[in-house]
Every structure is written in structure tokens, then in C-alpha cells.
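Number of protein chains: 2
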Amino acid sequence: MKGLMQDWQLTTNKILEHAKRVNPTREIVTRRVEGNIERITYGDLFDMSKQVSTALKDEGIGLGDRVATLGWNSERHMASWYGAMGIGAVLHTVNPRLHPEQIAWIINHAEDKVLIFDKTFLPIVEQIKDTIPTVKSFVIYAGADTMPENTLGAVPFDIWIDGRSTNVRWGDFPEDTACGLCYTSGTTGDPKGVLYSHRSNVLHTMITMQRDAIGMGANDVVLPVVPMFHANAWGLTFSCPATGANMVMPGAQMDGASIYELLDTEKVTITAAVPTVWLMLLTHLQQNDLKLPHLQKVIIGGSAVPEKILRAFEEDYEVDVVHAWGMTETSPLGTLGTLPPHMVNADIDTRMAQKLKQGRPPFGVELKIVDDEHNDLAWDGETSGRLLVRGPGIAAAYFKGAGGNVLDAEGYFDTGDVANMDEYGTMQITDRAKDVIKSGGEWISSIDIENIAVGHPKVANAAAIGVYHPKWDERPLLIIQPAEGENPTKEEIFAALEGKIAKWWTPDDIAFVDSIPLGATGKINKLALRDTFKDYKLPTA
Amino acid sequence: MKGLMQDWQLTTNKILEHAKRVNPTREIVTRRVEGNIERITYGDLFDMSKQVSTALKDEGIGLGDRVATLGWNSERHMASWYGAMGIGAVLHTVNPRLHPEQIAWIINHAEDKVLIFDKTFLPIVEQIKDTIPTVKSFVIYAGADTMPENTLGAVPFDIWIDGRSTNVRWGDFPEDTACGLCYTSGTTGDPKGVLYSHRSNVLHTMITMQRDAIGMGANDVVLPVVPMFHANAWGLTFSCPATGANMVMPGAQMDGASIYELLDTEKVTITAAVPTVWLMLLTHLQQNDLKLPHLQKVIIGGSAVPEKILRAFEEDYEVDVVHAWGMTETSPLGTLGTLPPHMVNADIDTRMAQKLKQGRPPFGVELKIVDDEHNDLAWDGETSGRLLVRGPGIAAAYFKGAGGNVLDAEGYFDTGDVANMDEYGTMQITDRAKDVIKSGGEWISSIDIENIAVGHPKVANAAAIGVYHPKWDERPLLIIQPAEGENPTKEEIFAALEGKIAKWWTPDDIAFVDSIPLGATGKINKLALRDTFKDYKLPTA
Ligand SMILES: Nc1ncnc2c1ncn2[C@@H]1O[C@H](COP(=O)(O)OP(=O)(O)OP(=O)(O)O)[C@@H](O)[C@H]1O
Ligand SMILES: Nc1ncnc2c1ncn2[C@@H]1O[C@H](COP(=O)(O)OP(=O)(O)OP(=O)(O)O)[C@@H](O)[C@H]1O
Ligand SMILES: [Mg+2]
Ligand SMILES: [Mg+2]
Chain A
1 MKGLMQDWQL TTNKILEHAK RVNPTREIVT RRVEGNIERI TYGDLFDMSK
51 QVSTALKDEG IGLGDRVATL GWNSERHMAS WYGAMGIGAV LHTVNPRLHP
101 EQIAWIINHA EDKVLIFDKT FLPIVEQIKD TIPTVKSFVI YAGADTMPEN
151 TLGAVPFDIW IDGRSTNVRW GDFPEDTACG LCYTSGTTGD PKGVLYSHRS
201 NVLHTMITMQ RDAIGMGAND VVLPVVPMFH ANAWGLTFSC PATGANMVMP
251 GAQMDGASIY ELLDTEKVTI TAAVPTVWLM LLTHLQQNDL KLPHLQKVII
301 GGSAVPEKIL RAFEEDYEVD VVHAWGMTET SPLGTLGTLP PHMVNADIDT
351 RMAQKLKQGR PPFGVELKIV DDEHNDLAWD GETSGRLLVR GPGIAAAYFK
401 GAGGNVLDAE GYFDTGDVAN MDEYGTMQIT DRAKDVIKSG GEWISSIDIE
451 NIAVGHPKVA NAAAIGVYHP KWDERPLLII QPAEGENPTK EEIFAALEGK
501 IAKWWTPDDI AFVDSIPLGA TGKINKLALR DTFKDYKLPT A
Chain B
1 MKGLMQDWQL TTNKILEHAK RVNPTREIVT RRVEGNIERI TYGDLFDMSK
51 QVSTALKDEG IGLGDRVATL GWNSERHMAS WYGAMGIGAV LHTVNPRLHP
101 EQIAWIINHA EDKVLIFDKT FLPIVEQIKD TIPTVKSFVI YAGADTMPEN
151 TLGAVPFDIW IDGRSTNVRW GDFPEDTACG LCYTSGTTGD PKGVLYSHRS
201 NVLHTMITMQ RDAIGMGAND VVLPVVPMFH ANAWGLTFSC PATGANMVMP
251 GAQMDGASIY ELLDTEKVTI TAAVPTVWLM LLTHLQQNDL KLPHLQKVII
301 GGSAVPEKIL RAFEEDYEVD VVHAWGMTET SPLGTLGTLP PHMVNADIDT
351 RMAQKLKQGR PPFGVELKIV DDEHNDLAWD GETSGRLLVR GPGIAAAYFK
401 GAGGNVLDAE GYFDTGDVAN MDEYGTMQIT DRAKDVIKSG GEWISSIDIE
451 NIAVGHPKVA NAAAIGVYHP KWDERPLLII QPAEGENPTK EEIFAALEGK
501 IAKWWTPDDI AFVDSIPLGA TGKINKLALR DTFKDYKLPT A
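Residue numbers (full-length UniProt numbering), protein chains in the order written: chain A, 1 to 541; chain B, 1 to 541.
Read the hints as simulated data drawn from the structure, not as lab findings.
Just so we're clear, the structure is a prediction, and the values are computed from it rather than from any experiment.
Wrong hints could be hidden among the right ones.
Since copy identity is lost for identical chains, a pair holds within one copy or between any two.
[To be verified] In silico lysine-lysine, DSS-like type, Cα no more than 27 Å apart, as pairs:
(1) 400 with 434
(2) 2 with 113
(3) 537 with 503
(4) 297 with 267
(5) 2 with 400
(6) 368 with 20
(7) 136 with 2
(8) 438 with 471
(9) 471 with 534
(10) 57 with 2
(11) 438 with 490
Isolated chain A, as found in the complex (with noise of 0.2 Å):
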């Protein structure tokens, strides 16, 4: 038997028309590529969005269709997103990070129609514009007086969009219709394609607006420093108007004196960045002596929150800190770390033990570890295994069918981390599975001895990876990027882990490197290290 209730589809589109409706005059605040700040409300957003999607279909694009961008957080990226996915078509966030021939190898992959960009990757769009064949026309997000001179025979968004009708039908299409297009970050090969459906991204805003994910609300004023190319700013861009926070965008500046001056200006309530971000920012409050007094709330993720960090927010400045896993296949939160009921009242040093570790899953996202032979693997907090995760807002497979099946029996996936569970649920994500260091058969966490390394007031950054041992197969190297102006022996970076780690997972050697190799979403390229240790021969072997 079926119930009765009504069949109302979940596509995205009704998330802005709530916005519109009830919360029109919450803002959108953004910081251009020129430098000048423009506020548009929920009530403008609406009608810009409609508009590019009368011009999107004036240019023939349709149920199905790929529309890329290669843009900053801003107002008009915003609009671009609703306008393409209201009309069914598919929204593809381009991470203009990554080298110009990976992004157009990405372009071409997507069979995107038509690019929309901001002016800084101009140079990035001519170098390539002869090898994406499939871009039929090229939009610049710039106004009639601030378009740059350019080859592609490219229009200015705002010409683009001026004057078009804001009368076209959205959201005619079942919820499982695809919306958006996001590729991985490449840290562990090519990326791989996550087809988004309007169901699972308006599903994981439903699961991230709840209190203990991000919980923002309508008075909330949210400053995404996440971009919305690095999985849809974690979902910011569609929860933001689905409350009627207000949102701030940081467009092209993420330095700490810029990201500080919208927190300030903005009275900034929550936002969301990984952390190297806030490593900038961190910095440039110490180095002139300011302070927080709006926000309430940080989201870190992306890559593990270094003890630091967390504990520079939430004693020096006593701002909340929430610890997030996820990843592009995820939509991309998966665990979160508010503080489990149990230890909410716990001393300062059990509640940051807690908040290093990776979160727990809100409802609507189940995980799973499991050993080798995938077997389930028990939730005491220490035996670690592959971490699966299964939920609505999760992938089922890969755009084209790369990688083909990636879910198991039960339709979990695999994420690809390796983590420990406790019995509340908190994970703890322990390394990579492609970074696992594997000595004498047992696996040593990767992230566990980088995070005490860079904890070290003389270390900027710090790597482990296994290199190859006669004895044990692999043992830990660690690499160690100096802090500026310092000098750190390998007696002083020992004597930091001495006690911190098992006496077995200490690693073998320290090597010094000028700097340590990030890929395109700030996180160690780990690929590039183990290439350029590939045949370091350590003291013990």
C-alpha cells in the first residue's frame, strides 16, 4: 500500500524560490575580481537566475546539457548554478587550479557546451580554447565596461543575461535527474566525474542543515572560503538559501587579510574553508593583534585540522570549531565533528582530542570499515580498516562508468580512507588507502605523525610516506618543511613525537625540503613525493 502524500519533487530549484519567497531581502555580498564589494538580495539572485536560463536556452542548452564554469564564489556563479540546473541542465564546477591541460582534457571529458568564467582564468581559457572542441560559446563574468579584451568571442554574464526574460519553467523533471558535474581533486590520479542528481544535493542540504552538521540558520551570515568548484562549497551554496542565511563571497582574495576583513566588516557567523586557509588567517590575526567577536562557528575539512588550528580558533579567539570529512563523491559532507553529547562537558584536552578527530555521520549517511577481505570491522576507536560510506547524497558510480563498480554488495562505497570507528560513531580517518605505510604487515597512520610534526612551532608542513625497507617492506620517512626562517634538526622533530606515537611508528629518517608539493585543493601531493623518494634509501635498511 501506498501513502497518500503528496509527490513533491525534490529539485533544487525550489530551494531558491523558498529564498525568494521568504527570506527575499537576505543578501549575497560579493567581493569582485575588481576589488569593489556588490550586495544583491535572494529577491535579485532569483530573477538573474531565471534570466540565465532563458539565455542558456536561447543558446539551444538543454535537459542533460553540461555547462561549465570556471569561477570564483560570487553572486553571478551563483546564478549561473540555478539558472543551469532549473532548466535540467547539468552544472559543471571546473577547478581552475588544476594545470590547463588537465582542465581541458576535464572540459572534454564533460562535453561541456558552454564555459562561464571569471576574468583571472582568461589566460588558462586561450591557451586551451583550441582544444575543447565542444564549447560552442564562452561567457565572462564581467559587466560591458569591465570585459577584458579576449579572442574567444566571448560576452560580458552581465550583457549576456540583460534583458532576458525571468519567465521560464524550472524544475519539470523527476528528482533523480542529474544537476551537477564535480570532478575529484586528483591527489590520487586523474579525477573522476560525480554526477550529482537534484534529489541527493537537495537531500544533503537537508542533511547538513541540521543543528549538530552546520545547523546555519536564517540569521546566520556564512562566508563559504570554499570554493564552489570544490564540491559545491560543501553544500553551503545551496543550504545558504535554503535558510536564508545571508552569504559572503570572497571572490578572487583568500588571503588572511582579506578573508579577516569580510569576517569583520560582514559580522561573519560561520564559515568554511580547509586549513590551510585558516593557517593564513591565523597568522595574520596574531600578526596584528585582532579578533573574532562575530563568528561563531569555522567548518575545516577537506584535509585533517592540525591541532594548532583547532586550538588557535577555539582558545585564542573562541570560535566553535567543526571538524568535517567528506569528499567530492559525498556531496560532499559525510561526518561532522560537533561534540557528542558525552563530552560536551569533558576537560578542554578530551574535547580537542575529540574535535582532531574526523566527526560522526548525521542521519542520512551510514559508514562502514572493513578489513582486507571486507570483513565489518569493529567500532572501538582503534582497528582500523577501509572506510565505506552509503546514503542519498552519495555516489553510485563515476561519470561515464570510470572506475567502473565502486559499491560493494550492500551498495556501500569506497571512500578510499582508511579510518577507526568508535562506538558513538566518531571517526577518525587514520591515511589514505593509497598512502597507507605498511610495515611488517601493520599499518602505521600517515596523518597521525604528520599532525604532531606540524604541530612543532618550526615546521610549516610535513609529509610521512613509506619508502622501501629490506626488512619490513616499508618503513616512514618524514618530509619536513621548515618554517620560514627556521631550522629544525632531526633531533628537535624526534624529540616532538617521542611519546606521542608508538615507539614502532617512529619514523626511520626526517628528510628537509624547501617546500612540500600541494595539488589543486591545497592538500600534500603525496603522488609527487613518494616520486621524488622513490629510491631514498633510509639509515636502517
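Fit chain B with the ligands to the given chain A structure using the hints.
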């Protein structure tokens, strides 16, 4: 093109599975009908619910079969819900406050096969047992030692589930499968059955978990005074396990002293009930000079919140009141009175005036108001018309087709309420369509008049109804139930209304009665009142 995300069906069993996995030690605390306090965890509830599933299957219950409960809020009642829903049976909550004949009528209409009930209702069940032939087995919420004598061949619940397997498969059906049946209160006529689906209940849960809706977290302690038979306890039966909040179940005792005791000893942070419950609590607090140090939020709905209740909570006890509107047909939450951003810093009178309105729709609820010709009306905070609602938690039809087609051409459900909307989506109920007082073709809001009258210290309850007038067709008569030991005069009541409503809204007369009749959910029974006063001659007529 379809998205490539997982097909994770939205079934209610996933809620309890989530609670068991990540909040296994959070508690459900129940005041048993015997008076003692019983504590179990979500882990225990999971096992109990699985055992209920097995017991039901052993009785031959399966997909689509109706299982009825006549029960107070309790952990056993919760287990009955999840146990029945998990195997695709339909849990039918019967309102025990209805007349026994109506209860029998509803059970027959629903064709319930199993009836599980609290001892309190044994006399009712004994009385109707020969008139409900579809019911094959009776189960009483009791253990072997607390089982009452009966002529039903009933089994004690604890024995019924004792030793049964917990190894039963849940959720093996599509998300639009029926899972719950609840009849409307019967305020305006015969109760009509609303048939919830798994999908509608899960989506309603996600909607209410938004921070600006109920927004509870795992660390909350939630006391649903609102009964599970009153529109799913406003969804708390689902949202509490979904977040991991502790539940405190009041059983049969909902008087001021009993509720206060639970609020205090269990350190309740969020509670929910209809206004009459809060009147009893506030009287108890005032008479005994008590405070509410733990309580943060009280959700009040089901009928309009009188100003004295609102002010007492907000001003005397520093508890945030969230006025909510909803109906059985809306799962039930439709709007919630969390302050919109532009009101947060307003002065107290502005804020209280806003909170007396019924609130704003969260994402997932769409409202419109229409005139008699079904034209959309302006959202200007004044124009009032019939309220229509659309969303994934809103009924599309009644059980067995009662009432025929209830949706308009755009799929909106007609609530039967009359309301105005402001430009930020704040909805204010002015009447029920069936209770509207139409004077010379213009509507007078009975709720406005009643709210002011109830604010008078000498008034216990008040109801405005339309009675015949030769010139104006109908004019308002105000019926007053004096507060205990008080003898208000007509002049005093008129003086209280003076200047607070339009002159032409002023009732043509005031009548005093010993007690205003209430329906099964504590709402004023205007059908009965109109009947009593049908021949009333107004002095102005
Ligand atoms: N809080 C966190 N702590 C540790 N690692 C994290 C955290 N959040 C995310 N990660 C890592 O980032 C990964 C997801 O990143 P993303 O989807 O951007 O692409 P990627 O995995 O880096 O790239 P690719 O899949 O192409 O190799 C996770 O699988 C995990 O390894
Ligand atoms: N906050 C509120 N303010 C005013 N009225 C309210 C409020 N909340 C609910 N109501 C009234 O209660 C109604 C829903 O109640 P419910 O579903 O319990 O059954 P009922 O409408 O009383 O009974 P029936 O539909 O059988 O006549 C709403 O339609 C509305 O008239
Ligand atoms: Mg990855
Ligand atoms: Mg009704």
C-alpha cells in the same frame, strides 16, 4: 540524464538504525502508567522494536496491514511504531480522547488487525470489543506482573515480545510505502484518515531538524507532551532518534505538577504541547514559585498561543517560545515562529506580536493564500484568504478517498484555515473557514477576538462565533468561561477589547457559560457551541 547517486530509500527504519549506530546510549525516559520511571536506551529501543516486528510477523501482519495503538507517550509505544513500520505495516494511532463510538468507527474504517493499548483505556476497549471485528489480537502495555484482568484474551506487551528474534529485515520496500495512519481531530466534522508514507515522514523529520524549525541536537533532552496520537507528536518520535536527543515521555500524567517534575529532574531543554497544557504548567509554577532553569525552548501549536502564555514563558521564565502551526494533514509541522532576521533585535512588543503569529514555513513547505475565486492574494500582512499548502509532507488525499479531491490544479492542499501572510512568509491564522464570522460580506477574525478576551485575568477561556443577524447576515457573539472564582461583567470584557480591534469587529453581545466545550485534542468545540447558541437573539438584531 539521470544523476549517478545512490538510490537510498527514505524509510523510517533508517532513523532508528542511525540512533542505534551513533547514539546507542542516549535515553528514552518514560513515566509508566503505574507511576514509576523507566529508562531505556536507543540501543534497547532498537532491539525492542525488532522484537515487535517479529511478534507482528508471527501474527501474520505484513506489508500494508494496519496495527492500531491507543497509547500514551512511552518507550513501548515507540517500539510499536518502529516495529510495525519497519516491516511495512501501517501504524495507526487512535486518539483515546475521542468518544468510544468514534474510536470504534475509526478502527473499523481503518480495518485494524491488532490493537495495542495502555491499561488506562481497557474500559474503552472492553466496551467496543464486539463492534470491531477486524481486530484479531489485543496487546496491553504491561508486564506479567502489571497486567490487568480482561475479557479480551489480551497479552501483556512485555510477554508478547519477550524472547522474540531481533533478526528481522526492515525497510525492504519503496519509500512511498504507507507507514502511518492518523485521523484528524474531528473538530469540524468526522475525522478523516491521513496515510503517511515512509518518504513523507523522513522528509518531515529532516525539515523539522533544521535549526530554525525545531532544530534539536544530540545533546538536547526533549519532552513531547504532545501525544504520539496527535499527529505523530509533531514528528518528535522521528526527529529525536534521528538526532540522538534524549526523549522524556510523560505517559498518562500531563498535569502541571507532573510535567514540571519531569522538566526539572530530567533537565529537559525542549518541550512541545498545545496551549492548554502550558496553562496548567504555568499555574503550577506561579503557585509554587518555581523556575525553569534548564528549559530553552517550548514549541506551542495545535491552536493559537494566547499572549499571556507567550509572555509568561519569554519574560518570566526566559524560555524561547516557538509558535507552530500545523495539521494532521501536514505531518504536522507547517510553519514555525522562530524570529526572522529583521526581528531578532526588535523591541519586546514587536517580537511578541511577531510570535503571536503562526510563523514561517521552513524549506520543504510551500504556502499560498487565495480568495473565493481561487486567485492568489498578496502577502501584505493584512489580506486574508484560504490557506493552501504544498510539500513532501503534505497529504494528497484522505484514506479511502474520503473528502474526494483535496488538491488544487497546482497540487496545493486546502487547509480549511483562513490566514494572511506577510512579505517574509509570516503566516497568521485568523480563523478556520468553517468558523469564519462573515459580517456584511466581510470576515471578522474570531481568533483575534478570543486571544484578547483570554488575556483578561478574569477569563479562563473564550470563543467567538457568528450568530444570525437580519441586517449583517452574521455578527460576532463572544462566549466567556470565567476564571475560577471570578465574575467578569460584559463591560469589563468590552473594555478589554476596546481599541485593540476594529470597531465593527466588536461582538454584538457577550454570553457567559460555566465551561466552553473542548474536543479530543483540547481545542474549542465550535460545532457544539454553534449548536447551543443557534437560536441566540442578539440585542442588535
Ligand atoms: N577532515 C579530513 N581529514 C582527513 N582527510 C580528509 C578530510 N576531509 C577530506 N579528506 C580527504 O580528502 C578526500 C576527498 O577529497 P576530494 O574529493 O577533494 O578529492 P581527492 O580524494 O583529494 O582526489 P582524488 O579522489 O581525485 O584522488 C577524502 O577521501 C579524504 O582522503
Ligand atoms: N498555532 C495555531 N494557531 C491556530 N490554529 C492552529 C494552530 N495550529 C493548529 N491549528 C488549527 O488546528 C488545525 C489542525 O488540527 P488537527 O489536524 O489536529 O485536526 P482538526 O483540524 O482540529 O480536526 P478536523 O480536521 O477533523 O476538523 C489547523 O487546521 C488549524 O485550524
Ligand atoms: Mg578521492
Ligand atoms: Mg482539520
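Hints versus structure:
Taking CA atoms no more than 27 Å apart as the test, residue 400 paired with residue 434 passes inside one copy only; the shortest distance there is 23 Å, against 57 Å between copies. For the identical chains of this complex, residue 2 and residue 113 are inter-copy neighbours only, at 18 Å across copies versus 41 Å inside a copy, given an alpha-carbon limit of 27 Å. In the homo-oligomer, the alpha carbons of residue 537 and residue 503 lie at most 27 Å apart inside one protomer (21 Å), although the nearest pairing across protomers, at 95 Å, exceeds that limit. For the identical chains of this complex, residue 297 and residue 267 are neighbours both inside a copy (12 Å) and across copies (26 Å), given an alpha-carbon limit of 27 Å.
Taking the closest pair of Cα atoms, residue 2 and residue 400 come within 27 Å of each other only across two copies (12 Å); inside a single copy the shortest separation is 34 Å, beyond that limit. Within a single copy, residue 368 and residue 20 get their C-alpha atoms only as close as 40 Å, which misses the 27 Å cut-off; across copies the closest is 14 Å, which meets it. When the C-alpha separation of residue 136 and residue 2 is checked against a cutoff of 27 Å, the pair qualifies only between copies, where the shortest distance is 23 Å, while the shortest distance within a copy is 46 Å. Taking CA atoms no more than 27 Å apart as the test, residue 438 paired with residue 471 passes inside one copy only; the shortest distance there is 12 Å, against 93 Å between copies.
When the C-alpha separation of residue 471 and residue 534 is checked against a cutoff of 27 Å, the pair qualifies only within one copy, where the shortest distance is 17 Å, while the shortest distance between copies is 98 Å. Taking the shortest Cα distances, residue 57 and residue 2 sit within 27 Å of each other only across copies (20 Å), while inside one copy they are farther apart (37 Å). For a Cα distance limit of 27 Å, the shortest separation of residue 438 from residue 490 inside one copy, 23 Å, qualifies, whereas the shortest one across copies, 88 Å, does not.
Hint violations for this structure: none, all hints satisfied.
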